[in-house]
Structures are given as C-alpha cells and as structure tokens.
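Protein chains: 2
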Amino acid sequence: MKKKTTIYDIAKKLNITAATVSRALNGNSKISEATRKLVAETAKEMNYEQNKLAQALKSGKSYNVGVIVPRIDSNFFASIIRGIEEELYPQGYHVIICQTHDQEALETGNINSLLNAQVDGILMSVSNAKGDSDTSFNALLKKNVPLIFFDRKKEIKGISSVTIDDFKGAYEATKHLIDQGYRRIAHLSNDRSLLIFKNRYLGYRQAILDSGLEFDENLVIETHSKVLEGRKTMKKLLNFENRPDAIFSASDFTALGAIQEIKAHGLKIPEDISVVGFSNEPFTRFMELSITSVDQSPIEMGRLAAQVFLEEVNNDKRIKSEKQVVLTPELIIRKSSLKSQILDKA
Amino acid sequence: MKKKTTIYDIAKKLNITAATVSRALNGNSKISEATRKLVAETAKEMNYEQNKLAQALKSGKSYNVGVIVPRIDSNFFASIIRGIEEELYPQGYHVIICQTHDQEALETGNINSLLNAQVDGILMSVSNAKGDSDTSFNALLKKNVPLIFFDRKKEIKGISSVTIDDFKGAYEATKHLIDQGYRRIAHLSNDRSLLIFKNRYLGYRQAILDSGLEFDENLVIETHSKVLEGRKTMKKLLNFENRPDAIFSASDFTALGAIQEIKAHGLKIPEDISVVGFSNEPFTRFMELSITSVDQSPIEMGRLAAQVFLEEVNNDKRIKSEKQVVLTPELIIRKSSLKSQILDKA
Numbered sequence: 007m008k009k010k011t012t013i014y015d016i017a018k019k020l021n022i023t024a025a026t027v028s029r030a031l032n033g034n035s036k037i038s039e040a041t042r043k044l045v046a047e048t049a050k051e052m053n054y055e056q057n058k059l060a061q062a063l064k065s066g067k068s069y070n071v072g073v074i075v076p077r078i079d080s081n082f083f084a085s086i087i088r089g090i091e092e093e094l095y096p097q098g099y100h101v102i103i104c105q106t107h108d109q110e111a112l113e114t115g116n117i118n119s120l121l122n123a124q125v126d127g128i129l130m131s132v133s134n135a136k137g138d139s140d141t142s143f144n145a146l147l148k149k150n151v152p153l154i155f156f157d158r159k160k161e162i163k164g165i166s167s168v169t170i171d172d173f174k175g176a177y178e179a180t181k182h183l184i185d186q187g188y189r190r191i192a193h194l195s196n197d198r199s200l201l202i203f204k205n206r207y208l209g210y211r212q213a214i215l216d217s218g219l220e221f222d223e224n225l226v227i228e229t230h231s232k233v234l235e236g237r238k239t240m241k242k243l244l245n246f247e248n249r250p251d252a253i254f255s256a257s258d259f260t261a262l263g264a265i266q267e268i269k270a271h272g273l274k275i276p277e278d279i280s281v282v283g284f285s286n287e288p289f290t291r292f293m294e295l296s297i298t299s300v301d302q303s304p305i306e307m308g309r310l311a312a313q314v315f316l317e318e319v320n321n322d323k324r325i326k327s328e329k330q331v332v333l334t335p336e337l338i339i340r341k342s343s344l345k346s347q348i349l350d351k352a
Numbered sequence: 007m008k009k010k011t012t013i014y015d016i017a018k019k020l021n022i023t024a025a026t027v028s029r030a031l032n033g034n035s036k037i038s039e040a041t042r043k044l045v046a047e048t049a050k051e052m053n054y055e056q057n058k059l060a061q062a063l064k065s066g067k068s069y070n071v072g073v074i075v076p077r078i079d080s081n082f083f084a085s086i087i088r089g090i091e092e093e094l095y096p097q098g099y100h101v102i103i104c105q106t107h108d109q110e111a112l113e114t115g116n117i118n119s120l121l122n123a124q125v126d127g128i129l130m131s132v133s134n135a136k137g138d139s140d141t142s143f144n145a146l147l148k149k150n151v152p153l154i155f156f157d158r159k160k161e162i163k164g165i166s167s168v169t170i171d172d173f174k175g176a177y178e179a180t181k182h183l184i185d186q187g188y189r190r191i192a193h194l195s196n197d198r199s200l201l202i203f204k205n206r207y208l209g210y211r212q213a214i215l216d217s218g219l220e221f222d223e224n225l226v227i228e229t230h231s232k233v234l235e236g237r238k239t240m241k242k243l244l245n246f247e248n249r250p251d252a253i254f255s256a257s258d259f260t261a262l263g264a265i266q267e268i269k270a271h272g273l274k275i276p277e278d279i280s281v282v283g284f285s286n287e288p289f290t291r292f293m294e295l296s297i298t299s300v301d302q303s304p305i306e307m308g309r310l311a312a313q314v315f316l317e318e319v320n321n322d323k324r325i326k327s328e329k330q331v332v333l334t335p336e337l338i339i340r341k342s343s344l345k346s347q348i349l350d351k352a
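Residue numbers (the working numbering), protein chains in the order written: chain A, 7 to 352; chain B, 7 to 352.
One or more hints might be untrue.
The list treats identical chains as interchangeable, and a pair is accepted whether it falls inside one copy or across any two copies.
Below, in silico cross-link-like pairs of lysine-lysine (DSS-like), each with a Cα-Cα straight-line distance of 30 Å or less [claimed, not checked]: (1) K241 / K18; (2) K163 / K36; (3) K149 / K50; (4) K163 / K18; (5) K67 / K238; (6) K241 / K204; (7) K19 / K148; (8) K160 / K204; (9) K43 / K18; (10) K67 / K269.
Rather than coming from a laboratory, the hints here were simulated on the basis of the structure.
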C-alpha cells in the first residue's frame, strides 16, 4: 500500500514542527492565520487526511453500528435491518451488516470483525444457542459495547432484547386450524435450542391440548428453514399411515416446500391438507395459492431494537439495565388454510 | 465507556517501563522468560487486549472487506454476497455489508464508514450513475484501497468490474417473445443512466429491429424495481388503445407487479399477454404461474469479483491494471411466456 501522508511529512515540507502542523490543523488559536492557511493548503496538496479513526477513538465513537443476522436474503431480517436504519440514520449512524449462515464460528468471527471495525454497538439475532458463543457476548459486555438481541435471543443477564411473542403467534395459528375443523395437525419445527422455535412449538402444543385434541409427538418434525427441507419433511409426513390433515410450519420457507410436495402428490390445499407458515414473507402473499402466516412486524422490531441501542449508548454512566421488549404477532389468514370464503385482502 | 487497559497500566502495576511491557508482549528475545510470563499473566488479569487495530495498521490489513449493494432483500444481491463470502472466508477475510437503497448520499456515507472501519477493499454495485459519487470512488483509488464493481458499474479508469452481458440477455428474452408470435412487446425499463438498464433496453430494441418489427418508443416505460411500480406501469399500458401483447421487464419485481395487474383485469397469461422478467429471483420459479426470466449466475459473479479483489490486494506493487469480466446470461423459459407446452423443469 502507498504510505499515507502524515503530519510529519507536512512539517518536513514546510520546515516547521509536527506539533505546529497538528495545532494548525486543529484550529488552535496560538497559530497565526497565515500559518493555518499554509498548512491547510499543503495538507490538501499532499492528500493528507486527518485520521478520522483517531478522532473517533478520541470521542469514543465511530458512528458505525454493526448488525448481525443469520441471513440477509429473507424479507424478515431485511425488514428488521430497514427498521434499524430508519431509526439510526437520522442520528448520524451508519449500519454495517454481517451474516452468520447459522454457523457459530462465523458469528464469533463477525463479532470480532465488527469490534475491530470499532463499531459503537452490535444489534444481533443469534444463530445458535447450543455452542459457547457466550464467551463472545460476555467479552462485548466487558468492553461496554452495547449489545442488543432481536428476534433470536439468548438469556444472558444484562443484555436487552426485542422479540415477538412466538408462543402466542403459534397458539393462534394452530387454534385457527382447529377452528377450521382440522384434527391431525403436524408441526414443522426447527432447532428448539433457539427460544423462538421452542416457543412456537410450545404454543402449537398448548393450542392442541386446550382444544381437547390428542397431542401426537410424532407429528412434530425438526427441520431447517429452507424450501427443499420443507419438501423432504412433507414427503415423510405424507407417507405416514395416518397422515396429517394440516401443517403448522415454524417457517414460511418450509411451508412453501410442504405446499409444493402436497401438490406434487396430487392433493388439494386446503381441502385435503391445510398449511400455515410463520413470518409473513412477501411470497406468501404473492402466490396464487396465498399462504396463511404469522406477521412479526419486523420493521417495528428493528426500530425498537435501534431505540434500545440509542438509550444504552447515550447513557454515559452506562447504568446496567436490561430492557425486554415483546411484540404481539398477528395471524394473516389466506387461501392455504381457509375452507370458507372469507379472505383478507392482503 | 470504561477505559481500556493499556501497556502503561501494566507497566505501572509491575513497576517496569512500558517499553519492557511492549517487548514482553511481542515476544522480544531481550526479555527474560520470567518477565515475559509475569507480564502475560498481569495483562490477562487486567483484561488487557493487544490492539488488534494497531496490529492491523502495522500489517496494513484488517482482513475485513466491505460490500455495498443497493438492497440486501433481493436474492440476486444476496447470492452475489454469498459468492463473495465463499471465496473470501477460506482466505481469512470477513465480509461486512452496507446497503444504499439507491440513495447516493447513503452510498457516499457507506464508503466513508467502511474506510473508517479500515476495510482492505470494497466490492460494490453502484446505486446511481447521475450524481458525482465519482469523488468518493476517486478518493478510494487515491488511497489505493482496491475497489471492484459488480453488476452495476461506472466507467471509471482503473476500476475492475464483473458484469453480465445485459444486452445479450435482453436480446434473447425479446427474441423468445417474438418467436412465440408476440408483436407488440412493451419494455418495463429502469434508470438508464445505469449501464445495466441501458444495455437491457438496447438489447430489447435490437431484437425488435432485427426481426423487422416496428420499434415503438411509447412502449418503453421507465419505472422502479418494485412490485407496486410494476402494477402501476402495467395499468397505464393496459389503457393504451393499442395495448401490448407482451412485456419484457428489466426486473422480476416489476414483472410480478405486471402479472398481478394483468390478472386483475381478467386477462390470461400467456394467452392474452406474455411476461418475461430479469434476474431469475426464486419467486419466479415458485409461482404457480412460473415467470420466464434471465439468469445472471450471481454466485459466480460474486466469486469472480472476490477473485479480482484478491488479485489486487495480493499485488504488492499495485500495478494499475483493469480487469473487465463479462458473464453470459441464460434465458430460463417458464409458463408466463410459453404458449406451447415444452417447459423447462426448473
């Protein structure tokens, strides 16, 4: 790399001391206007740039905020990031994003990268709850770099979070299926060491128990939030002797896969099998057979997470306090689960 | 913020000089093993962390690479980023992402943020070709920070790029419509100060001229890559006295909007009006009425852009050379444009 111009280079050229150059550049009143002007012009000629990083270190702020998500190519996470940006840009912050692809090593690496990039705080959705990434989180806490969880959180003392009531969302989705007359409702679950998936499972289970239906653990299958995984899992379920008549999926992507597989078997939706997803990804609305899903107001979630960050970063005393914000989900009923004809206009 | 432990703090505690602490921490052979051990233990006790940033500045590398895209919530850009990550992670780099939402002020801000974050290079798709963001690009060039354009580029001397042959993609898409018997083909265009949209327009135009059809400039409408904008534009076209019988859209999102509007008017696709998009977003495949589109092999594009970056960053002498990689697009024919029954299996 080409060496950057330093104040020493400018001092040498003008035959004055580096201290004088520094004072001139920083507008020190002891420096004459003539010298100030000469230094400024020479600095410009030599492509000198004041070290913004050094300034940032001095003020203790870089005005960069890091956001870590499992994946960026989901409307849900992209919308949360949009909410964060909408809240932080007017405050002069810039948002830089990393994705983990649900790999813990990448998560830890991302945290370190963002710390090296001198971010003022990290807002993140954790990718894995099994591993020992607590070490990274605790390192952040020790450094007093604000850390806020959104959607996928870990229970760590001192870390604020903005989440949604996943239990309630799952409960209402399952209740809706029961109200429509479905009796054998399968659940496409996901890694339940993550609270969101655990709570969606528990909400589903509770709705079944509350309705006096039999709860069959065999109808709960853990899979990954991918279309192809949804197809594979649905294939298994269709081979059951007593196959399910409805699917509550913890993910829109697996719900879409399930729908593709059901159709490939020549079965009708929702007449033969009903399907409900989770997250309200735009494609659930765009499909000709629109998919019932649970909306999580992600933009609002992002905005709230950013607000919690601003409160923490602007609290000079950094009084340790945890804030747990929980949003209420909304069931959006569409064609994939509705036997009768009353549809929302979404 | 809590003050970080410095080597001066350690020196004070051990009653030795800071220089000795520094030498001990850096494994200088002049320091006895006993002192080295004592310093290391004290540093650990006091939560001292060697300034990775300072080390990065010393080596001239942070191993962070910045990627700037117009938006993250499109499969196209997300896939390019995936390709970049796949190529750079094994080399020890981390990827941090910024989005511009097609706003030039954000683009400039993102470049500055990434520079402040000490990235080793920036890979980006420009958001706007009208403004004077050249200033930011030239600043990067002056600093010898590698800059590589992908997909949306600007013609700036010394900047390498990886793009796709948009002219060819558009030409083939339009030719396909003509071969199917469509005669009044409208084009949903986009900001043509961006090369990609200009070339898609030119390819469409050339295909029409080469087929001996009349080229009607009124059938070219500039819009934005959003579903709702596609609907609005299609509404206008449907009100034409001599309405088009086919649509070639420079974006899958506007193509989807056009399809929604055509259906809302009770018209049949592809019988009454045929629709072709661009980018091969996954939803084009998932729709019941699957959408014909032009695939741009985004993962490959990302991988190639990363390879160009690695060549530049590993070239110590930084011999100025420009590399222009151009990929060949592939037309994926689906239901939305095919009157006959031969469909691809995608």
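Structure-based check of each hint:
For the homomeric pair K241 and K18, neither the shortest alpha-carbon distance inside one copy (76 Å) nor that between copies (68 Å) is at most 30 Å. Taking the closest pair of Cα atoms, K163 and K36 never come within 30 Å of each other, the shortest separation being 50 Å inside a single copy and 44 Å across copies. With identical chains, the CA atoms of K149 and K50 are at most 30 Å apart between copies only, with a shortest distance of 14 Å across copies and 37 Å within one. For the identical chains of this complex, K163 and K18 are neighbours neither inside a copy (54 Å) nor across copies (33 Å), given an alpha-carbon limit of 30 Å.
For the identical chains of this complex, K67 and K238 are neighbours neither inside a copy (48 Å) nor across copies (44 Å), given an alpha-carbon limit of 30 Å. Taking the shortest Cα distances, K241 and K204 sit within 30 Å of each other inside one copy (23 Å), while across copies they are farther apart (46 Å). Taking the shortest alpha-carbon separations for K19 and K148, only the inter-copy value of 20 Å comes in at or below 30 Å, while the best intra-copy value is 44 Å. Proximity of K160 to K204 under the C-alpha cut-off of 30 Å is restricted to the intra-copy arrangement: shortest distance 12 Å within a copy versus 48 Å between copies.
In this assembly of identical chains, the alpha carbons of K43 and K18 lie at most 30 Å apart only when taken from the same copy (17 Å versus 42 Å across copies). In this assembly of identical chains, K67 and K269 lie within 30 Å of each other by CA distance neither inside one copy nor across copies; the values are 55 Å within and 53 Å between.
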